[in-house]
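All chains should be modelled from the sequences, with the hints used to inform the complete structure.
Basically our numbering = 1-based index in the sequence shown + 1460.
No lab work stands behind these hints, which were simulated from the structure alone.
Backbone N, C-alpha and C define an ideal beta-carbon position, used for all residues, glycine too.
Where hints are given, some of them may not hold.
As the list claims (entries may be wrong) - With beta-carbon atoms standing in for the labels, derived distance ranges:
1. Leu1473 - His1547: 46 to 56 Å
2. Ile1466 - Asp1499: 39 to 49 Å
3. Tyr1492 - Leu1522: 27 to 37 Å
4. Leu1502 - Leu1536: 32 to 42 Å
As the list claims (entries may be wrong) - Computed cross-link-like contacts, SDA-like style, restricted to lysine to any residue with a CA-CA straight-line distance of at most 20 Å:
5. Lys1471 - Leu1502
6. Lys1525 - Ala1542
7. Lys1525 - Asp1538
8. Lys1483 - Leu1463
9. Lys1483 - Ser1514
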Amino acid sequence: MSLTTIQIRRKGLITLPAVLRRKYNVDEGDVYSLLDLGDGSLLLMPGTSRVAQSGDEVARLLSEKDVTLDELLIALEDERAAYYQEHYVQT
1461 MSLTTIQIRR
1471 KGLITLPAVL
1481 RRKYNVDEGD
1491 VYSLLDLGDG
1501 SLLLMPGTSR
1511 VAQSGDEVAR
1521 LLSEKDVTLD
1531 ELLIALEDER
1541 AAYYQEHYVQ
1551 T
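This is the structure:
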């Protein structure tokens, strides 16, 4: 966690430092939520969570590859079993 000082400009405009824009892949037009914490503090959060974006991407890829939810769940169970065998079962 780090503290960065920014200045509020005309019409409430703020500029996020370039290092943070690169770190968090912030682009012009991205939507963010601003939460008023009630003590003068504000919390800026991505408008859409990375989890939701990742879920959408997985759904898109599954659709493209014509993989059903049942097939995905079976494959995940197989992977879990293989991982367990590889990492926890002593031979």
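Results of checking the hints against the structure:
Taken as a hint, the range 46 to 56 Å holds for the pair Leu1473 and His1547, whose Cβ atoms sit roughly 51 Å apart. At about 18 Å, the beta-carbon gap between Ile1466 and Asp1499 misses the expected band of 39 to 49 Å. Here the CB-CB span from Tyr1492 to Leu1522 is close to 29 Å, well matched to the stated 27 to 37 Å. The supplied range of 32 to 42 Å is met by Leu1502 and Leu1536, whose beta-carbon atoms lie about 39 Å from each other.
Under the criterion of a C-alpha separation no larger than 20 Å, the hint pairing Lys1471 with Leu1502 is consistent with the structure, at around 17 Å. Distance check on the hinted pair: Lys1525 and Ala1542 sit about 23 Å apart at the alpha-carbon level, beyond 20 Å; violated. Among the hinted pairs, Lys1525 with Asp1538 is consistent with the structure: their alpha-carbon atoms are about 19 Å apart, no more than 20 Å. As the CA atoms of Lys1483 and Leu1463 are separated by approximately 15 Å, the hinted pair is consistent with the 20 Å bound.
For the proposed pair Lys1483 and Ser1514, the alpha carbon gap of about 18 Å is at most 20 Å, so the pair holds.
In this structure, the hints that do not hold are numbers 2, 6, in rising order.
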